[in-house]
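Asker: In case you want the letters, here they are:
Number of protein chains: 2
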Amino acid sequence: MTTLADCRALDAQDPLGPLRELFALPAGVIYLDGNSLGPLPKHAGERIARAVKEEWGEGLIRSWNSAGWFDLPQRVGDRIATLIGARAGEVVATDSTSINLFKVLSAALSIVRADAPARRSVISERSNFPTDLYIAQALCRERGFELQLIEAEQIPGALGNDTAVLMLTHVNYRTGAMHDMAAVTRAAHAAGALVVWDLAHSAGAVEVDLHAAQADFAVGCGYKYLNGGPGAPAFVWVHPRHAERFWQPLAGWWGHAAPFAFSSDYSPAAGIARYLCGTQPVLSMIALDCGLDTVLVAQPLGGMAALRRKSLALTDLFIALVEQHCAGHGLGLATPREHALRGSQVCLTRGEGAHAIVQALIARGVIGDFRAGPPDILRFGFTPLYMRFEDVWHAVQHLREVLESGEWRRAEFSRQQAVT
Amino acid sequence: MTTLADCRALDAQDPLGPLRELFALPAGVIYLDGNSLGPLPKHAGERIARAVKEEWGEGLIRSWNSAGWFDLPQRVGDRIATLIGARAGEVVATDSTSINLFKVLSAALSIVRADAPARRSVISERSNFPTDLYIAQALCRERGFELQLIEAEQIPGALGNDTAVLMLTHVNYRTGAMHDMAAVTRAAHAAGALVVWDLAHSAGAVEVDLHAAQADFAVGCGYKYLNGGPGAPAFVWVHPRHAERFWQPLAGWWGHAAPFAFSSDYSPAAGIARYLCGTQPVLSMIALDCGLDTVLVAQPLGGMAALRRKSLALTDLFIALVEQHCAGHGLGLATPREHALRGSQVCLTRGEGAHAIVQALIARGVIGDFRAGPPDILRFGFTPLYMRFEDVWHAVQHLREVLESGEWRRAEFSRQQAVT
Numbered sequence: 010m011t012t013l014a015d016c017r018a019l020d021a022q023d024p025l026g027p028l029r030e031l032f033a034l035p036a037g038v039i040y041l042d043g044n045s046l047g048p049l050p051k052h053a054g055e056r057i058a059r060a061v062k063e064e065w066g067e068g069l070i071r072s073w074n075s076a077g078w079f080d081l082p083q084r085v086g087d088r089i090a091t092l093i094g095a096r097a098g099e100v101v102a103t104d105s106t107s108i109n110l111f112k113v114l115s116a117a118l119s120i121v122r123a124d125a126p127a128r129r130s131v132i133s134e135r136s137n138f139p140t141d142l143y144i145a146q147a148l149c150r151e152r153g154f155e156l157q158l159i160e161a162e163q164i165p166g167a168l169g170n171d172t173a174v175l176m177l178t179h180v181n182y183r184t185g186a187m188h189d190m191a192a193v194t195r196a197a198h199a200a201g202a203l204v205v206w207d208l209a210h211s212a213g214a215v216e217v218d219l220h221a222a223q224a225d226f227a228v229g230c231g232y233k234y235l236n237g238g239p240g241a242p243a244f245v246w247v248h249p250r251h252a253e254r255f256w257q258p259l260a261g262w263w264g265h266a267a268p269f270a271f272s273s274d275y276s277p278a279a280g281i282a283r284y285l286c287g288t289q290p291v292l293s294m295i296a297l298d299c300g301l302d303t304v305l306v307a308q309p310l311g312g313m314a315a316l317r318r319k320s321l322a323l324t325d326l327f328i329a330l331v332e333q334h335c336a337g338h339g340l341g342l343a344t345p346r347e348h349a350l351r352g353s354q355v356c357l358t359r360g361e362g363a364h365a366i367v368q369a370l371i372a373r374g375v376i377g378d379f380r381a382g383p384p385d386i387l388r389f390g391f392t393p394l395y396m397r398f399e400d401v402w403h404a405v406q407h408l409r410e411v412l413e414s415g416e417w418r419r420a421e422f423s424r425q426q427a428v429t
Numbered sequence: 010m011t012t013l014a015d016c017r018a019l020d021a022q023d024p025l026g027p028l029r030e031l032f033a034l035p036a037g038v039i040y041l042d043g044n045s046l047g048p049l050p051k052h053a054g055e056r057i058a059r060a061v062k063e064e065w066g067e068g069l070i071r072s073w074n075s076a077g078w079f080d081l082p083q084r085v086g087d088r089i090a091t092l093i094g095a096r097a098g099e100v101v102a103t104d105s106t107s108i109n110l111f112k113v114l115s116a117a118l119s120i121v122r123a124d125a126p127a128r129r130s131v132i133s134e135r136s137n138f139p140t141d142l143y144i145a146q147a148l149c150r151e152r153g154f155e156l157q158l159i160e161a162e163q164i165p166g167a168l169g170n171d172t173a174v175l176m177l178t179h180v181n182y183r184t185g186a187m188h189d190m191a192a193v194t195r196a197a198h199a200a201g202a203l204v205v206w207d208l209a210h211s212a213g214a215v216e217v218d219l220h221a222a223q224a225d226f227a228v229g230c231g232y233k234y235l236n237g238g239p240g241a242p243a244f245v246w247v248h249p250r251h252a253e254r255f256w257q258p259l260a261g262w263w264g265h266a267a268p269f270a271f272s273s274d275y276s277p278a279a280g281i282a283r284y285l286c287g288t289q290p291v292l293s294m295i296a297l298d299c300g301l302d303t304v305l306v307a308q309p310l311g312g313m314a315a316l317r318r319k320s321l322a323l324t325d326l327f328i329a330l331v332e333q334h335c336a337g338h339g340l341g342l343a344t345p346r347e348h349a350l351r352g353s354q355v356c357l358t359r360g361e362g363a364h365a366i367v368q369a370l371i372a373r374g375v376i377g378d379f380r381a382g383p384p385d386i387l388r389f390g391f392t393p394l395y396m397r398f399e400d401v402w403h404a405v406q407h408l409r410e411v412l413e414s415g416e417w418r419r420a421e422f423s424r425q426q427a428v429t
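Sequence lines, in order, name chains F and D. Going by the working numbering, the letters in the first sequence line up with residues 10 to 429, in that order. Going by the working numbering, the letters in the second sequence line up with residues 10 to 429, in that order.
Please note that the accuracy of each hint is not assured.
Said to hold, decoys possible - So, partial list: chain F residues that the calculated Cβ filter (under 7 Å) puts toward chain D:
#1 Pro24
#2 Cys149
#3 Leu326
To be verified - What follows is a set of in silico ranges between Cβ atoms, one per label pair, in the way DEER data are often shown:
#4 D:His52 - F:Gly77: 24 to 34 Å
#5 F:His198 - D:Glu63: 40 to 50 Å
#6 F:Glu162 - D:Ser75: 32 to 42 Å
#7 D:Arg71 - F:Gln308: 23 to 33 Å
#8 F:His198 - D:Gly77: 38 to 48 Å
By construction, these hints were calculated from the structure, which means they are not laboratory data. Only a predicted model underlies this, so the values are computations on that prediction, with no experimental measurement involved. Backbone N, C-alpha and C define an ideal beta-carbon position, used for all residues, glycine too.
Taking the hints into account, I'd like the entire structure generated from these sequences.
Answerer: Structure (structure tokens):
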């Protein structure tokens, strides 16, 4: 049986413990939703204020050069590259995950159209994040491909002569289940298909090595584990073997070989820069840069490997404590126990009242989130940069108290009253 | 002959004069580049700091509801609507101008494919802003249309049975020449074509009435005359008669009828909301909202009509003073003299040294910009919210001194040295 003292001992020994000080976490909050929106890095306020006052206010248009706004997508992209097994010059931070997915999927479909025109199927998981499916649906409709939605365990059997692209999110947003990126990519390649990975719940959360996996395309999110702030720009990576094969259709001036030549003819830039389109939101991009500071400060402390070790220790502890303290309350575990199959979150199922339980926890300052089912899910994200083992203990005690006291039933009742 | 005293008298009588106080303009700068990047509204720093510290830092994920982040695209869009002759619920602020153009042009091409499949030509101006042409080029290639680039005066003759879409920027970025939106739209409709307007240099600068013109689609920029900050989100409008006819292919979850149902099937939202795609950069969107405050504060003072009157007075004065003080220095006028054909900028041509002259002016604190030709252009934007008639006088005196002293030749020499 793990005790509070054990948790405190784990915190005392944790080499990553001091990194919590990088964040402005509100008092009385245990934040288990960094997988939706990472918290505010303490230094971001001052950095953004400087960008507003000095760079925008004083520098005005000159700051595109003097403050380095022009190459922010590349500079921020290079920093993200170090977290996902990509190389400098291969990643740009830009636009939203949905839009970047549109770019890479349309490039992938163009490659298939050229190299293997008989392949007509795009495979994804039925439980993939919906925006990925919507973008795929729209592109398939436009280009004459068929979108095939299956369960994760059906993927190996579904890959075949007809498969054009396998498009997956590495860590599932609902369950926290993680694919073996290298093995899945190998299987898809063996079947002659290209693979697009969405790293929304992976970048900054788990170890990713895109080159080792020989992945083809990847996109990801800036505002979750990269702590980039609300709606921070996303990122896009293309393996160099594909980067220059085709245009992507969002062929705006920032992806032009010479944007300031103002030529009327599009000529795509070399490499990943052709995945840029229009002018980027500089203030939000600077916030993302601050978020990356918090992740990269862990590099000398062991980097993503050290963060991953602590993440697994946190999620192991949460699962163990829930089973120890909340047994008999109808909770199930949606997240795989096996480390190799688990991202950085733990998802619990419950037949009744999951939404109200999450609301009751939030009222107590324990912020996770609810995902409607079936099965309904209580989702808890664990970010090793600022999460303490002691926080895990207290979060579980709150959960136990909410379940034992029945206060969630009152929350559920109020909600029904409000809706009626 | 206009004198400095005349200019000061104009400022003293100017009912919009006090609005200059809304902006944090650096001392010693005459800012004639608000058509590239509008200046910082004084209140934006505090508002953005609050969004960072309280909304992101304290509110965390809860701020999507409690701070109203979710409907920022619609709320900001509704405010933009009042400046362009659109109605509430018809505009969203989102993504970049290039990406929004992709959305509306692809919707327009889908409509043509359904209603008039024989029409294959997209017409635009050769001197349109390049990113518009690149997006059109990519979409035409993908959809089997032909992009036809012509001069402005050739448009009436070019519209015909084969024309699918006429895609124009209302005010030309290089010359400041403005189309008659109503007349051009009428001519295009008479030929059976749809019209897409880019309002990048119009919104907040000149009077626009999209409904009166019966326009079909419009996009525009947040960081120019709307003072939304570097890379502020852009906006998109679709006439209600077209809004729900088709999906646009950037069909992300924010454009879904029920984004939080997390359905695996795309079902587009009603109206303009289907032109949203992914999560928006909240900090940059809040800066845009502050920028709009500065334009909307002019509403009780006469709104866009009053801003337009002052804008024309400023550009008239600049043209007159340049002709009065800088004659004999080889400057030409690229911007139409006729009010109905002029946006809110004045562009001068010069056979030699235009870049160096702009650099020499910037060194003196007179910030305009250079656009390479032929003909090379010195571009000066006039924003009536903060520009004084006296500023126009001093800007022209600086231009005269730069030309007379030959200091631009030294700037040109340094540049050549630096490049070599």
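Asker: Next step is simple, just say for each hint if it's right about the structure.
Answerer: The hints, checked one at a time:
For the restraint placing proline 24 of chain F at the interface with chain D, the shortest Cβ-Cβ distance is roughly 26 Å, beyond the 7 Å limit, so the hint is violated. With 7 Å as the threshold, the beta carbon of cysteine 149 of chain F stays out of range of chain D, its nearest partner Cβ sitting at about 10 Å, so the hint is violated. Of the supplied interface hints, the one on leucine 326 of chain F is violated, with its beta-carbon coming no nearer than about 22 Å to a beta-carbon of chain D, more than 7 Å. The beta-carbon spacing between histidine 52 of chain D and glycine 77 of chain F, approximately 26 Å, falls within the hinted interval of 24 to 34 Å.
Our hint of 40 to 50 Å for histidine 198 of chain F and glutamate 63 of chain D holds, since their Cβ atoms are close to 49 Å apart. For glutamate 162 of chain F and serine 75 of chain D, the Cβ-Cβ distance of about 40 Å falls inside the hinted range of 32 to 42 Å, so the restraint holds. Judged by the Cβ atoms, the range 23 to 33 Å given for arginine 71 of chain D and glutamine 308 of chain F holds: they are separated by roughly 31 Å. Distance hint check for histidine 198 of chain F and glycine 77 of chain D: the Cβ-Cβ separation is about 46 Å, which falls inside the suggested range of 38 to 48 Å.
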